[in-house]
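Residue numbers (this note's numbering), protein chains in the order written: chain Y, 6 to 545; chain E, 6 to 545.
These aren't lab readings, by the way, just hints derived from the structure by calculation. It should be emphasised that the depicted structure is a prediction, and the values quoted were computed from it without experimental measurement. There could be a bad hint or two in this list.
What the hints assert, rightly or not - Computed list of lysine-lysine pairs in DSSO-like fashion (alpha-carbon distance at most 30 Å, straight line):
id: 1; chain 1: Y; residue 1: Lys35; chain 2: E; residue 2: Lys175
id: 2; chain 1: E; residue 1: Lys175; chain 2: Y; residue 2: Lys175
id: 3; chain 1: E; residue 1: Lys19; chain 2: E; residue 2: Lys422
id: 4; chain 1: Y; residue 1: Lys348; chain 2: E; residue 2: Lys201
id: 5; chain 1: Y; residue 1: Lys505; chain 2: E; residue 2: Lys181
id: 6; chain 1: Y; residue 1: Lys348; chain 2: E; residue 2: Lys35
id: 7; chain 1: E; residue 1: Lys445; chain 2: Y; residue 2: Lys200
id: 8; chain 1: Y; residue 1: Lys259; chain 2: E; residue 2: Lys81
id: 9; chain 1: E; residue 1: Lys175; chain 2: Y; residue 2: Lys422
id: 10; chain 1: E; residue 1: Lys35; chain 2: Y; residue 2: Lys201
id: 11; chain 1: E; residue 1: Lys81; chain 2: Y; residue 2: Lys175
id: 12; chain 1: Y; residue 1: Lys422; chain 2: E; residue 2: Lys520
id: 13; chain 1: Y; residue 1: Lys177; chain 2: E; residue 2: Lys41
id: 14; chain 1: Y; residue 1: Lys505; chain 2: E; residue 2: Lys445
id: 15; chain 1: Y; residue 1: Lys542; chain 2: E; residue 2: Lys35
id: 16; chain 1: E; residue 1: Lys81; chain 2: Y; residue 2: Lys452
id: 17; chain 1: E; residue 1: Lys375; chain 2: Y; residue 2: Lys41
id: 18; chain 1: E; residue 1: Lys181; chain 2: Y; residue 2: Lys41
id: 19; chain 1: Y; residue 1: Lys520; chain 2: E; residue 2: Lys520
id: 20; chain 1: Y; residue 1: Lys177; chain 2: E; residue 2: Lys201
id: 21; chain 1: Y; residue 1: Lys422; chain 2: E; residue 2: Lys201
id: 22; chain 1: E; residue 1: Lys35; chain 2: Y; residue 2: Lys375
id: 23; chain 1: E; residue 1: Lys452; chain 2: Y; residue 2: Lys542
Below, each chain spelled out in residue letters.
Number of protein chains: 2
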Amino acid sequence: MTSQKVSALKSYAKLHQFSHAFSQPEQHLKHLLEDKNRLENFSIRVPGFFYDYSRQRVNQNLMQQLFSLAQESKAKQKFSQMTSGEKINSTESRAALHTATRDFTRAAIFLDGQDVMPQIKQVNHQIKAFTQDLHENKISGHTGKPFSDAVVIGIGGSYLGCQFVYEALKTKIDPKINLHFLSNVDIDNFGEIIKKINPQTCLWVVISKTYTTAETLANLNQALLYLKQHHLDPACHLITITAKGSPGESSSQKHLASFNMFDYIGGRYSVSSAVGALPLSLAFGFDVFEQFLKGCHAMDIHAQQAPDNENIPLTAALIGIWNTHFLGYPAQAIIPYCSALSKLAPHVQQLYMESLGKSVTSIGEPVDYKTGCVIFGEPGTNAQHSFFQLAHQGMAFPVEFIGIIHPVFNQEQTQSKGVYNHQELWANMLAQAQALAIGKDSQDSAKYFSGNRPSSTIIVNEISPETIGMLLAFYEARTVYEGFILGINPFDQFGVELGKVLASGIRKHMAQKNKNVPSEPDSLDPITHVYLDMLFKGSL
Amino acid sequence: MTSQKVSALKSYAKLHQFSHAFSQPEQHLKHLLEDKNRLENFSIRVPGFFYDYSRQRVNQNLMQQLFSLAQESKAKQKFSQMTSGEKINSTESRAALHTATRDFTRAAIFLDGQDVMPQIKQVNHQIKAFTQDLHENKISGHTGKPFSDAVVIGIGGSYLGCQFVYEALKTKIDPKINLHFLSNVDIDNFGEIIKKINPQTCLWVVISKTYTTAETLANLNQALLYLKQHHLDPACHLITITAKGSPGESSSQKHLASFNMFDYIGGRYSVSSAVGALPLSLAFGFDVFEQFLKGCHAMDIHAQQAPDNENIPLTAALIGIWNTHFLGYPAQAIIPYCSALSKLAPHVQQLYMESLGKSVTSIGEPVDYKTGCVIFGEPGTNAQHSFFQLAHQGMAFPVEFIGIIHPVFNQEQTQSKGVYNHQELWANMLAQAQALAIGKDSQDSAKYFSGNRPSSTIIVNEISPETIGMLLAFYEARTVYEGFILGINPFDQFGVELGKVLASGIRKHMAQKNKNVPSEPDSLDPITHVYLDMLFKGSL
Numbered sequence: 006m007t008s009q010k011v012s013a014l015k016s017y018a019k020l021h022q023f024s025h026a027f028s029q030p031e032q033h034l035k036h037l038l039e040d041k042n043r044l045e046n047f048s049i050r051v052p053g054f055f056y057d058y059s060r061q062r063v064n065q066n067l068m069q070q071l072f073s074l075a076q077e078s079k080a081k082q083k084f085s086q087m088t089s090g091e092k093i094n095s096t097e098s099r100a101a102l103h104t105a106t107r108d109f110t111r112a113a114i115f116l117d118g119q120d121v122m123p124q125i126k127q128v129n130h131q132i133k134a135f136t137q138d139l140h141e142n143k144i145s146g147h148t149g150k151p152f153s154d155a156v157v158i159g160i161g162g163s164y165l166g167c168q169f170v171y172e173a174l175k176t177k178i179d180p181k182i183n184l185h186f187l188s189n190v191d192i193d194n195f196g197e198i199i200k201k202i203n204p205q206t207c208l209w210v211v212i213s214k215t216y217t218t219a220e221t222l223a224n225l226n227q228a229l230l231y232l233k234q235h236h237l238d239p240a241c242h243l244i245t246i247t248a249k250g251s252p253g254e255s256s257s258q259k260h261l262a263s264f265n266m267f268d269y270i271g272g273r274y275s276v277s278s279a280v281g282a283l284p285l286s287l288a289f290g291f292d293v294f295e296q297f298l299k300g301c302h303a304m305d306i307h308a309q310q311a312p313d314n315e316n317i318p319l320t321a322a323l324i325g326i327w328n329t330h331f332l333g334y335p336a337q338a339i340i341p342y343c344s345a346l347s348k349l350a351p352h353v354q355q356l357y358m359e360s361l362g363k364s365v366t367s368i369g370e371p372v373d374y375k376t377g378c379v380i381f382g383e384p385g386t387n388a389q390h391s392f393f394q395l396a397h398q399g400m401a402f403p404v405e406f407i408g409i410i411h412p413v414f415n416q417e418q419t420q421s422k423g424v425y426n427h428q429e430l431w432a433n434m435l436a437q438a439q440a441l442a443i444g445k446d447s448q449d450s451a452k453y454f455s456g457n458r459p460s461s462t463i464i465v466n467e468i469s470p471e472t473i474g475m476l477l478a479f480y481e482a483r484t485v486y487e488g489f490i491l492g493i494n495p496f497d498q499f500g501v502e503l504g505k506v507l508a509s510g511i512r513k514h515m516a517q518k519n520k521n522v523p524s525e526p527d528s529l530d531p532i533t534h535v536y537l538d539m540l541f542k543g544s545l
Numbered sequence: 006m007t008s009q010k011v012s013a014l015k016s017y018a019k020l021h022q023f024s025h026a027f028s029q030p031e032q033h034l035k036h037l038l039e040d041k042n043r044l045e046n047f048s049i050r051v052p053g054f055f056y057d058y059s060r061q062r063v064n065q066n067l068m069q070q071l072f073s074l075a076q077e078s079k080a081k082q083k084f085s086q087m088t089s090g091e092k093i094n095s096t097e098s099r100a101a102l103h104t105a106t107r108d109f110t111r112a113a114i115f116l117d118g119q120d121v122m123p124q125i126k127q128v129n130h131q132i133k134a135f136t137q138d139l140h141e142n143k144i145s146g147h148t149g150k151p152f153s154d155a156v157v158i159g160i161g162g163s164y165l166g167c168q169f170v171y172e173a174l175k176t177k178i179d180p181k182i183n184l185h186f187l188s189n190v191d192i193d194n195f196g197e198i199i200k201k202i203n204p205q206t207c208l209w210v211v212i213s214k215t216y217t218t219a220e221t222l223a224n225l226n227q228a229l230l231y232l233k234q235h236h237l238d239p240a241c242h243l244i245t246i247t248a249k250g251s252p253g254e255s256s257s258q259k260h261l262a263s264f265n266m267f268d269y270i271g272g273r274y275s276v277s278s279a280v281g282a283l284p285l286s287l288a289f290g291f292d293v294f295e296q297f298l299k300g301c302h303a304m305d306i307h308a309q310q311a312p313d314n315e316n317i318p319l320t321a322a323l324i325g326i327w328n329t330h331f332l333g334y335p336a337q338a339i340i341p342y343c344s345a346l347s348k349l350a351p352h353v354q355q356l357y358m359e360s361l362g363k364s365v366t367s368i369g370e371p372v373d374y375k376t377g378c379v380i381f382g383e384p385g386t387n388a389q390h391s392f393f394q395l396a397h398q399g400m401a402f403p404v405e406f407i408g409i410i411h412p413v414f415n416q417e418q419t420q421s422k423g424v425y426n427h428q429e430l431w432a433n434m435l436a437q438a439q440a441l442a443i444g445k446d447s448q449d450s451a452k453y454f455s456g457n458r459p460s461s462t463i464i465v466n467e468i469s470p471e472t473i474g475m476l477l478a479f480y481e482a483r484t485v486y487e488g489f490i491l492g493i494n495p496f497d498q499f500g501v502e503l504g505k506v507l508a509s510g511i512r513k514h515m516a517q518k519n520k521n522v523p524s525e526p527d528s529l530d531p532i533t534h535v536y537l538d539m540l541f542k543g544s545l
């Protein structure tokens, strides 16, 4: 098999030459932005989604070279292989078929000779019927009361994406069932949630593919104790979302309902599977979830079919690689000027950093270039009053601004200084992008802004199931494109295994102490022993 | 005046030599950790607070050199100057007296010949009396109903610190008054909050030193409209926290009460002033707030008086400088294994990135070294299932783990795999620190962990007003120490000004359009015009 390293490609070397050119003063963004056609040449508009990279440190020659890199790395072929069910997750010999969960056009997608579409449709059908019955109170709790709340037990990919979509949509649509997220094994996460729910009207939704995730099972056990304390039968209150054949769907785990998730969809790409479908349909109804899927699908089709230089996720992936690998920015901020999108950055943080934080190519060669970067962000204008000082005058990092044309709020509003609050929000967003790019000279060195700090801007019309779907699928496609171009596998996560192994050793030691079994000689390091003494003694 | 640049100091050059030595294999953490006395030699314990830097990439010679850097840069003298009221914020000719707000020992602190302690004590006395009356229902809303909620209107430093403390303490103490934070000018932030409150039982607390912050005034105007719509008099529902003589305390702004904040306390350092005192006393009572102040004060005393090598914030500041400037890490993660501390990272993100993201020294020389870095974080174990893949196998970044010995939850609990959930939490925290440090060899390159990734661990006994105060003051002291050593001013933020100026130009243009005044020729750039057209047209 040939090398997958991006550094082995011809266009990679040429891009390094470009990066030297871009350190020259004449390539400062304030000059690049003098071109009247800048926005037209460096933006892409598709129905419902506008992507502007005119304030990125690029020019047309460079973009051509970046598109050559995409060609040489066969990024789009890999994307097609992914959507058609090839085992693109090579290290785990799995397909990566999150796009199949929202595919409204293909008749069939074959995996190991079997069409996966019927099982995907069947799960959605089951979820639609179940949540409809529940909303019509044909299904109610042990004491006959209709459900009002659901606690979603899951961590990482079983949590962050769903939380992002829920928080965004609930600004617009009143939930039929309120969701609470019990992710952390911290018992105080549990303690805070039970303050807010009525046990008789609460569902518990456990999400774990293998039904072995330590945190999720620990929280499930605590939830089962809670049900028992309130004399409630799990058969009336517990829903499991898990792989076929896992202990979670067997009768050994009493439950009200169980829905399948599949091993060809990884956790951080699973929002459009049952992992998101059930909780989000509980909250908003299956129809809303289906609109969300249609938004995802529209972006998937675009990502796969649009020509390279009109392809938003591919272009964004190339810009990401240019910024991280060639211009050397170690972090990227995602700043939605929209409070409803406050959980977007934590979701993309996982999606991107877990997918791209790799040290080997997809065929196991150690890489000699950076993979991934830190993703962080808070909504604007909040971020301006928090960490933007660093963005303007300290260590530079690219920013992705997100603006929404129509806010949700439609009641009477005041003007301040002649503008509505939503206009004030936009004035700030537009000003930040410009200030970062052009900077400002000053005699007073403390008030000097070097500028030349890159940003992109994404605009969508409004917060709706479709636009949230488009945003989600945009970040998914962008991330996998970046992985494909870098030659790494964006679907595995072996880097989390070592911690699990070491935690297991420590857990065994604790379990012995809990049973007052005299400590055997163990393999724990001396520092860990000091901490265990603190914990068991109960003081520093 | 002599140069303030840290790069001009003798020990700085020596540290650069050390950084070369630390790139050698024999300085890998797995070797450093073989020393049986590693933890003892590289940790500091004070009553209620344990700081472990044994898994940082340091040795004793290096630490000596770092302490020399602290000596040479006169860091502790500057800290003393700060606490005694000297105008250490040189670019704005102001003192930085946040420590005075919790000083229980000094008789007087003079600023411009005037003792500030009486005015600080007076404000606290007023807040104590006011909140006590309110809790005893001697003060109630316009319709006579007792208050149940308060919306805190403020942004940046008037928001993040208070939110951190509130979220942490409410796990432990049921609020008498529930707080909601209206920070973003996004109208949907307002829209979400009014879904949760009853107008008749809700207070509005406006925090703005100058009463000119655009976002805060826009939100205030919207709040005043809301009160009017509900026929409620601001004189019964509005509280202002503002500087003496600002429009916010004058009778032109009808209000129930007004409390002073002072220009010798900057926003991001203001939690222990009226900015935190009033909301937190509303929520938990002034006595709880006073316990919090005592925790802050204990850390302040330690930060100022402990010898360098027993001084936690100073040591942490030196480690931060070592990691950022000499080992080249561009980001740092704060990972509390405690859901109650979920808002710590956003607070420290502002505190640190706004304080240290500077391009000039405190006397205006351009710096030739990095200042600040990206701070980000989520609670563990959530973070393990999110972005720790990058931490283990991608771009390395130092991690600060925070553990709490006693959880808040004290009801019946289950065991899973022989351990309680809180123990599972600790097993993971301890395992992560060890896994990052030692790594793991593997024949399979995808399962190889390079290790040598640094971390610190902080342990406190429990979530309480005192420990939250210690944590807050620890991060404050650490940040200012880092600024003092780097020779920069950690109290100004000129980097946010340019964006405000540009936003003002865009706002004026919008205001004209709102009034249908024909557009005058303006100084806006063509890209901004395209966006304004989108917004006013209402579609992409």
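Checked hints:
no.: 1; hint: Y:Lys35 with E:Lys175; result: violated, 48 Å
no.: 2; hint: E:Lys175 with Y:Lys175; result: holds, 24 Å
no.: 3; hint: E:Lys19 with E:Lys422; result: violated, 50 Å
no.: 4; hint: Y:Lys348 with E:Lys201; result: holds, 20 Å
no.: 5; hint: Y:Lys505 with E:Lys181; result: violated, 41 Å
no.: 6; hint: Y:Lys348 with E:Lys35; result: violated, 37 Å
no.: 7; hint: E:Lys445 with Y:Lys200; result: violated, 42 Å
no.: 8; hint: Y:Lys259 with E:Lys81; result: violated, 63 Å
no.: 9; hint: E:Lys175 with Y:Lys422; result: violated, 37 Å
no.: 10; hint: E:Lys35 with Y:Lys201; result: violated, 46 Å
no.: 11; hint: E:Lys81 with Y:Lys175; result: violated, 50 Å
no.: 12; hint: Y:Lys422 with E:Lys520; result: holds, 12 Å
no.: 13; hint: Y:Lys177 with E:Lys41; result: violated, 58 Å
no.: 14; hint: Y:Lys505 with E:Lys445; result: holds, 13 Å
no.: 15; hint: Y:Lys542 with E:Lys35; result: holds, 28 Å
no.: 16; hint: E:Lys81 with Y:Lys452; result: holds, 28 Å
no.: 17; hint: E:Lys375 with Y:Lys41; result: violated, 35 Å
no.: 18; hint: E:Lys181 with Y:Lys41; result: violated, 58 Å
no.: 19; hint: Y:Lys520 with E:Lys520; result: violated, 76 Å
no.: 20; hint: Y:Lys177 with E:Lys201; result: holds, 15 Å
no.: 21; hint: Y:Lys422 with E:Lys201; result: holds, 28 Å
no.: 22; hint: E:Lys35 with Y:Lys375; result: holds, 23 Å
no.: 23; hint: E:Lys452 with Y:Lys542; result: violated, 36 Å
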